[in-house]
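Chemist: This is what each chain is made of:
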Amino acid sequence: MLTSLYVEGQSWFHRVPVRLKLIALLSLSLALFATNAPFLLLPAFLLCGGLYLSLGMTPRQALSRVGFVLLTILVLAAVNLFLVPLPQVAALVLRLTALVLFAAAVTATTTIGAFMDEITILLRPLERLGLLRAADVSLALGLVLRFVPDIFERYQAISEAHRARGLPIRPLTIIGPLIILTLKDADTIAAAIDARGFRRQ
Amino acid sequence: MNTRDLVLIALFAAIVVVLGLIPPITLGFIPVPITAQSMGVMLAGCIIGAKRGALAFLLFILLVAIGLPVLSGGRGGLAVFAGPSGGFILGWAVAAFVTGIVAERFVNQGNSEGRQFVGFFLASVVGGIVVLYAIGVPWLSAVTGTPLAAAATGSLVFIPGDLLKAAIATLAARAVYAGYPLLPARA
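First to last, the sequence lines map onto chains A and B. Taking the numbering used here, the leading residue of the first sequence gets 785, the next gets one more, and so forth. Taking the numbering used here, the leading residue of the second sequence gets 50, the next gets one more, and so forth.
Do not take every clue at face value.
Taking CB as the label site, the calculated pair distances span [as the list claims (entries may be wrong)]:
1. B:V167 <-> A:D901: 31 to 39 Å
2. A:R949 <-> B:L213: 18 to 26 Å
3. A:P843 <-> B:V167: 47 to 55 Å
4. A:A808 <-> B:N157: 28 to 36 Å
5. A:R799 <-> B:P230: 49 to 57 Å
6. B:S204 <-> A:R917: 19 to 27 Å
7. A:L913 <-> B:N157: 27 to 35 Å
Partial selection, computed: residues in chain B whose CB lies under 10 Å from chain A [unchecked claim]:
8. V67
9. G122
10. G203
11. G228
FYI, nobody ran anything at the bench for these hints, they're computed from the structure. Every residue, glycine too, gets a C-beta built ideally from N, C-alpha and C.
Full structure from sequences and hints, please.
Modeler: Laid out in structure tokens, this is it:
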């Protein structure tokens, strides 16, 4: 049900370490927002687009991942045509599209495991301050992945119950029972975690 | 933080993921379809409180960032943060926190039912609409270069839908509060 947006592949960008990719994404966004010059933004756009399309996705796959974000960019650009001068609108479209494509490329070439390793390292300063524990973050993430299918099944069971009684399926009548039934499990799950000593308390 | 709070945070993040899988409802008199997921912020603050609600959304944002398609419509990945509405997604954590603060302040077990409804509605509107737009709209304006006034006027289209969401979240939160109260037990 929850399949990651990672794409299997052997491209050179797959082999770049995550940290480098994230630093590149951050520097790229800072750099692109610092400039308005089309002769810098256009090559950036072409390079990011080329990179994104070279990752081994079919064009349809590639478009469906970023289509919605690109659509919002175009809608806002259309609005901007009436409000700001044309060269600025062009710069905005090129800049944002380049960034979105580069970010999508990072997502497509990085596994969840690699991201989590990096996040554990990023959380280390907070851990030293005693604010949280990186192991807790991983545990919480694992719990989400574990329980989403269960909760979705519960949602379907509640919809079925609506249908069986001839009631319209409305969010209002579904959300309440769904949340109560789900959160009531919290005590059992917490007890199971503590019984296994996962958090070493 | 005890294990129960950790589990509540994770379960709520999982509920928000599932809310994204529910097909959006379209209403004749509102131009934009309503996704159940966007009610999550109001629900999180009203049901599990400020601290746990905000942490549930930080966890959810983490899921988006590491490339899980958990946003409604199967979207996800770092691209959504680079897009114009990235501020709204990052703002969810703050919005859930403020919703929780207001709900914790105004809703008590001893209140009459009507007062609880008012408290939850106030919390949903202040946190889930006012705070969220106060972060999302300037962000959008800064990223796209759209003048702030125009961006703010444009987002008024979404306000009727948001008020309806606040109403639904209020009823759902009050139902949960009556059936399985979690709000007073602060994290």
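Chemist: Indicate, hint by hint, whether the structure satisfies it.
Modeler: Do the hints match the structure? See the list:
Between V167 of chain B and D901 of chain A the Cβ separation comes to about 47 Å, which falls outside the hinted range of 31 to 39 Å. As the Cβ distance of R949 of chain A to L213 of chain B is approximately 25 Å, the hint placing it in 18 to 26 Å holds. Take P843 of chain A and V167 of chain B: their Cβ atoms lie about 52 Å apart, and the range 47 to 55 Å holds. The beta-carbon spacing between A808 of chain A and N157 of chain B, approximately 51 Å, falls outside the hinted interval of 28 to 36 Å.
Range check, R799 of chain A to P230 of chain B: about 52 Å between beta-carbon atoms, so the 49 to 57 Å window is met. For the pair S204 of chain B and R917 of chain A, the supplied restraint of 19 to 27 Å is violated, since their beta-carbon distance comes to about 38 Å. A hinted range of 27 to 35 Å holds for the C-beta pair L913 of chain A and N157 of chain B, which are about 34 Å apart. Hint status for V67 of chain B: holds, given a least beta-carbon distance of 5 Å to chain A, under 10 Å.
The interface hint given for G122 of chain B holds, since its Cβ lies 6 Å from the closest Cβ of chain A, which is under the 10 Å cut-off. Hint status for G203 of chain B: holds, given a least beta-carbon distance of 7 Å to chain A, under 10 Å. The interface hint given for G228 of chain B holds, since its Cβ lies 5 Å from the closest Cβ of chain A, which is under the 10 Å cut-off.
Checked against the numbered hints given earlier, the structure breaks hints 1, 4 and 6 and satisfies all the rest.
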